[in-house]
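There are 2 protein chains.
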Amino acid sequence: MNILIIGGGGVVGQKLAQSLAAEGRLRGRPITRLTLADINDPPLVDASFPVSAARCDIADAQSVAQVITEDTDVIYLLAAIVSAHAEEDFDAGMAINMFGTYHVLERCRALGTTPVLVFTSSIAIYGGDIPDPLGDHSYPNPQTSYGGQKAVGEILINDYSRKGFVDGRAFRLPTISIRPGKPNRAASGFMSSILREPLNGQTAVCPVEPDFLHYYLSPRRCVENLVKAANLDAADLGGNRVMQMPGRTWSISQLIDAMTAVVGDGPAKLIKWEAQPDIKRIVSGWKWDIHAERAEALGLKSDESFEDNVRYYLEDDKPAV
Amino acid sequence: MNILIIGGGGVVGQKLAQSLAAEGRLRGRPITRLTLADINDPPLVDASFPVSAARCDIADAQSVAQVITEDTDVIYLLAAIVSAHAEEDFDAGMAINMFGTYHVLERCRALGTTPVLVFTSSIAIYGGDIPDPLGDHSYPNPQTSYGGQKAVGEILINDYSRKGFVDGRAFRLPTISIRPGKPNRAASGFMSSILREPLNGQTAVCPVEPDFLHYYLSPRRCVENLVKAANLDAADLGGNRVMQMPGRTWSISQLIDAMTAVVGDGPAKLIKWEAQPDIKRIVSGWKWDIHAERAEALGLKSDESFEDNVRYYLEDDKPAV
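Protein sequence lines, in the order shown, are assigned to chains R and F. For the first sequence, position 55 matches number 55 in our numbering, and the numbering has no gaps at all. For the second sequence, position 165 matches number 165 in our numbering, and the numbering has no gaps at all.
Where hints are given, some of them may not hold.
Intra- or inter-copy, both count: the list cannot distinguish identical chains.
[Unchecked claim] No farther apart than 20 Å at their CA atoms in a straight line, the calculated lysine to aspartate or glutamate pairs in the EDC-like style are these:
#1 163 / 278
#2 280 / 46
#3 280 / 233
#4 182 / 73
#5 163 / 129
In short, the hints are calculated from the structure, not lab data. Only a predicted model underlies this, so the values are computations on that prediction, with no experimental measurement involved.
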């Protein structure tokens with residue numbers, strides 16, 4: 001198995017690479033090579049098989065052609081311009097999120113090798129005046145350009161798969177929390193930082209009310225699901241290659257209570273509550289009554305509790321003091 | 001009102017041009033100019049205002065920039081590579097249906113004039129294993145590349161409208177019948193030809209069973225709806241600019257009985273019944289339990305009876321002997 005992770009330098013890409021390195025196998029066969037492609041050189045991971053880094057700008061079809069080759073068996077397409085960033089810079093969002101996906105699909109089509117393609121869509125495709133509950137077969141009504149570009153990606157993945165150009169599978173990721181590292185430009189950034197920064201002994205700002213509900217998944221469980229996603233047989237997916245990845249809905253209060261249950265009440269006191277209208281405008285268009293029936297039936301899983309998410313952060317990601 | 005019809009040489013484009021010429025007004029103001037753009041020079045129509053023809057290939061952004069100008073008030077984007085054609089020639093479908101729509105939207109964005117854009121989507125965006133009934137807020141699950149490309153267009157129309165780049169409104173057209181003229185490369189072509197050819201005294205082939213159900217609209221009523229579509233206020237459309245255009249569901253038998261009711265039983269005897277697996281494979285993925293609640297609430301209409309569709313053909317389109 002020759003595996004390519006596009007967006008291999010990101011939080012999920014790096015954790016996925018570590019997981020593949022630990023596992024050594026995918027789709028029932030040994031991994032023979034792993035390439036981490038990103039706009040900058042991504043950090044490598046230790047593995048029993050060769051791991052290399054590649055610079056790739058998916059907005060550029062030529063650059064895509066250099067990293068997807070005839071012997072690429074599995075492609076993870078994780079690279080994206082995230083929500084608030086794509087809202088500010090419309091061209092960047094279109095170039096990466098829509099045309100980037102198109103370039104990857106076209107490269108696969110040109111090769112004629114029908115690689116497995118795992119695409120990360122987002123719950124940002126839901127929104128507006130659509131009745132709850134939401135899930136695999138809900139009308140995509142995104143309220144951001146990021147969500148719109150991901151919705152386009154879903155449609156293209158399905159059509160290129162139907163035509164046999166790729167063996168695609170697309171999953172709408174819940175918001176990943178607790179996301180380690182620096183904040184990115186996602187409007188959802190606070191949903192990690194209000195926990196991560198206090199757990200690291202720093203203050204954080206919460207821009208929404210304590211009863212704000214949202215749909216979450218831990219990075220650890222997300223990566224487990226992405227590995228399962230590649231392992232699925234095309235026959236199990238049927239004609240629609242797009243589905244919701246399992247997550248769970250919690251309020252901000254529940255996140256904070258879970259943190260307090262695991263580490264005591266000190267960190268919660270480091271959260272400052274300050275309304276941020278720009279962020280609230282974006283995230284209030286997002287949906288939380290979301291269900292992942294198809295993916296759950298295929299063996300993908302949500303977290304058991306948000307206490308688990310806190311523990312995963314402490315075990316996997318908390319920087320040494 | 002300076003109006004541009006892209007696809008102005010097509011059946012619907014020509015009838016729309018005739019209707020606008022007869023009406024002389026749109027969006028409450030006199031029409032000052034009408035441009036019919038198409039890949040070939042479209043026939044002109046007589047009007048009290050200037051009417052001109054323009055060659056335009058929407059696959060080419062430069063060509064689009066030549067026909068959409070600062071003083072364009074209303075754009076009808078009707079041009080498309082139809083279903084069976086896009087299924088055979090994937091590149092042509094992507095170039096016209098997806099990139100053509102993108103080029104029109106990008107040109108509007110570059111101008112900064114927020115023109116009204118009426119886009120014709122299709123019931124081909126529905127399909128597969130999605131529960132009936134279908135309508136405005138159903139999950140798009142197209143079973144053809146044509147349907148996929150139209151579904152992408154819908155998402156882009158919504159996002160470009162949300163951003164204020166265009167004042168878009170997109171309508172999923174029912175199958176237009178009785179469509180005059182020569183057959184095109186739509187898989188739905190027989191749904192007109194089994195009536196049109198016999199009404200013209202010629203034989204025709206029906207490739208499906210008499211109980212095959214489908215969702216139809218006459219060309220005359222379609223054009224009336226497209227005029228209303230441009231006249232709608234943006235405020236009435238809300239955040240989702242995409243909706244089903246009203247049609248009605250009839251079986252093949254009902255179409256033929258309607259023809260017989262209007263003109264007697266001679267023409268029905270000119271229909272030959274011959275299964276065509278390629279056509280049947282495409283059209284059996286199409287849906288017919290379709291409802292157009294939003295558009296009906298906004299005043300758009302379906303036909304009263306299929307007898308009307310037959311009469312409209314005789315009045316508007318039947319070639320003189």
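Residue 163 and residue 278: within-copy, between-copy, both or neither at 20 Å Cα
Intra 41 Å, inter 15 Å, cutoff 20 Å: inter-copy only.
For the identical chains here, do residue 182 and residue 73 meet the 20 Å Cα criterion within one copy, between copies, both, or neither?
neither (32 Å within a copy, 46 Å between copies)
Quick one: residue 163 to residue 129, C-alpha cut-off 20 Å, is that within a copy, between copies, both, or neither?
Answer is between: at 18 Å across copies they meet the 20 Å cutoff, but 33 Å inside does not.
Is it within a copy, between copies, both, or neither that the alpha carbon of residue 280 lies no farther than 20 Å from that of residue 46?
neither (40 Å within a copy, 54 Å between copies)
Have a look at residue 280 and residue 233 and pick one of within, between, both or neither, based on CA distance no larger than 20 Å.
neither (40 Å within a copy, 28 Å between copies)
The structure does not agree with the numbered hints 2, 3, 4 stated previously, though it agrees with the rest.
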